[in-house]
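**Student:** Here the sequence shown is numbered in UniProt numbering, starting from 1 and rising by one per residue.
Hints should not be assumed to be uniformly reliable.
Calculated pairs, DSSO-like style, for lysine-lysine (alpha carbon to alpha carbon, straight line, at most 27 Å) [stated by the list, open to error]:
1. K141 - K65
2. K41 - K114
3. K114 - K141
4. K101 - K141
5. K32 - K101
6. K41 - K101
7. K65 - K39
8. K26 - K41
9. K101 - K65
10. K41 - K141
11. K26 - K65
12. K32 - K65
13. K141 - K39
14. K39 - K114
15. K39 - K26
16. K141 - K32
17. K101 - K39
18. K41 - K65
19. K26 - K101
20. K101 - K114
Listed next, with one range per pair, are the computed distances between beta-carbon atoms [claimed, not checked]:
21. I121 - E17: 20 to 28 Å
22. N118 - Q25: 17 to 25 Å
23. A67 - E119: 17 to 25 Å
24. P7 - T99: 31 to 39 Å
Derived by calculation from the structure, the hints in this document are not laboratory data. By construction, the Cβ of each residue, glycine as well, lies at the ideal position given by its N, Cα and C atoms.
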Amino acid sequence: MIPNFLPNGFLPEGIHEATFAEVQQKLGFSRKREQLLNKMKYLIEICQLMGCDVIYLDGSFVSAKIAPNDYDACWDCTKNKKQVMSKVCESYLNADSETQKDFFGGEIYPAFAKAPLNEDISILTYFQRVQFCNEHKGIIKIRL
Numbered sequence: 001m002i003p004n005f006l007p008n009g010f011l012p013e014g015i016h017e018a019t020f021a022e023v024q025q026k027l028g029f030s031r032k033r034e035q036l037l038n039k040m041k042y043l044i045e046i047c048q049l050m051g052c053d054v055i056y057l058d059g060s061f062v063s064a065k066i067a068p069n070d071y072d073a074c075w076d077c078t079k080n081k082k083q084v085m086s087k088v089c090e091s092y093l094n095a096d097s098e099t100q101k102d103f104f105g106g107e108i109y110p111a112f113a114k115a116p117l118n119e120d121i122s123i124l125t126y127f128q129r130v131q132f133c134n135e136h137k138g139i140i141k142i143r144l
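With the hints as extra help, turn the sequences into a complete structure.
**Tutor:** Have a look at this one:
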């Protein structure tokens, strides 16, 4: 279940599990968001085909912002990580961020990769922090 946004525009701290249908219902409240959700649906299909177990959603899409430019996502797998990684390397999940945005509507990372602005933490941990400060925020987890 996706909780309501806090006064600061973010979700409460934590990883909030939801179905894609719940994400559509809760976060599809503008035309721009609906467009991003349509592209996100394709990302989910690709991740399922590759054997990913979950994706996590972040960025301004997971905020009260009416018209976010894109979303940020990271994927993870608990089984067959080596097999999944070899498939990812040959796909758009391994493309540069502009190609990913064109194709999927957002940027996609492996959850276990190091964060670009802080190599001491993973992308998954980085997603749970408000950019440029040490405050924590919530993200969304979708099981595939």
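**Student:** Please go over all the hints and tell whether each is borne out by the structure.
**Tutor:** Each hint, compared with the structure:
Our distance criterion of 27 Å between C-alpha atoms is met by K141 and K65, whose separation comes to about 19 Å. For the suggested pair K41 and K114, the alpha carbons sit about 26 Å apart, so the restraint of at most 27 Å is met. The hinted pair formed by K114 and K141 meets the criterion: a straight-line CA distance of about 19 Å does not exceed 27 Å. For the proposed pair K101 and K141, the alpha carbon gap of about 20 Å is at most 27 Å, so the pair holds.
For the given pair, K32 sits about 14 Å from K101 by alpha-carbon distance, which is consistent with the 27 Å threshold. Restraint check: the Cα-Cα separation between K41 and K101 comes to about 13 Å, which is no more than 27 Å; the hinted pair holds. Between K65 and K39 the alpha-carbon distance is near 18 Å, which keeps this suggested pair within the 27 Å criterion. Straight-line distance between C-alpha atoms of K26 and K41 comes to about 15 Å, which keeps the hinted pair within the 27 Å bound.
Between K101 and K65, the direct Cα distance comes to roughly 18 Å. Compliance with the 27 Å bound is thereby established for this hinted pair. A hinted pair counts as satisfied when its Cα atoms are at most 27 Å apart, and K41 with K141 qualifies at roughly 14 Å. As the CA atoms of K26 and K65 are separated by approximately 13 Å, the hinted pair is consistent with the 27 Å bound. A hinted pair counts as satisfied when its Cα atoms are at most 27 Å apart, and K32 with K65 qualifies at roughly 11 Å.
Note on K141 and K39: the hinted pairing holds, with a Cα-Cα distance of about 17 Å set against a maximum of 27 Å. Annotation: proposed proximity of K39 to K114 holds, straight-line Cα distance about 25 Å (limit 27 Å). Between K39 and K26 the alpha-carbon distance is near 17 Å, which keeps this suggested pair within the 27 Å criterion. With a C-alpha separation of about 21 Å, the suggested pair K141 and K32 falls inside the 27 Å cut-off, and the hint holds.
At most 27 Å may separate the alpha-carbon atoms for a hinted pair to count; K101 and K39 meet this at roughly 9 Å. Simply put, K41 and K65 have alpha-carbon atoms about 20 Å apart, close enough for the 27 Å limit, and the pair holds. Taken as a hint, the K26 and K101 pair is honoured in the structure, with Cα atoms around 22 Å apart against an allowance of 27 Å. Taking the CA atoms of K101 and K114, the gap is about 20 Å. The hint holds against a cut of 27 Å.
Against the hinted window of 20 to 28 Å, the Cβ-Cβ separation of I121 and E17 comes to about 21 Å, which satisfies the hint. In this structure, N118 and Q25 break the distance hint of 17 to 25 Å, their C-beta atoms being roughly 33 Å apart. At about 32 Å, the beta-carbon gap between A67 and E119 misses the expected band of 17 to 25 Å. Distance hint check: the CB atoms of P7 and T99 are about 36 Å apart, consistent with the given range 31 to 39 Å.
The structure shown violates the earlier hints numbered 22, 23.
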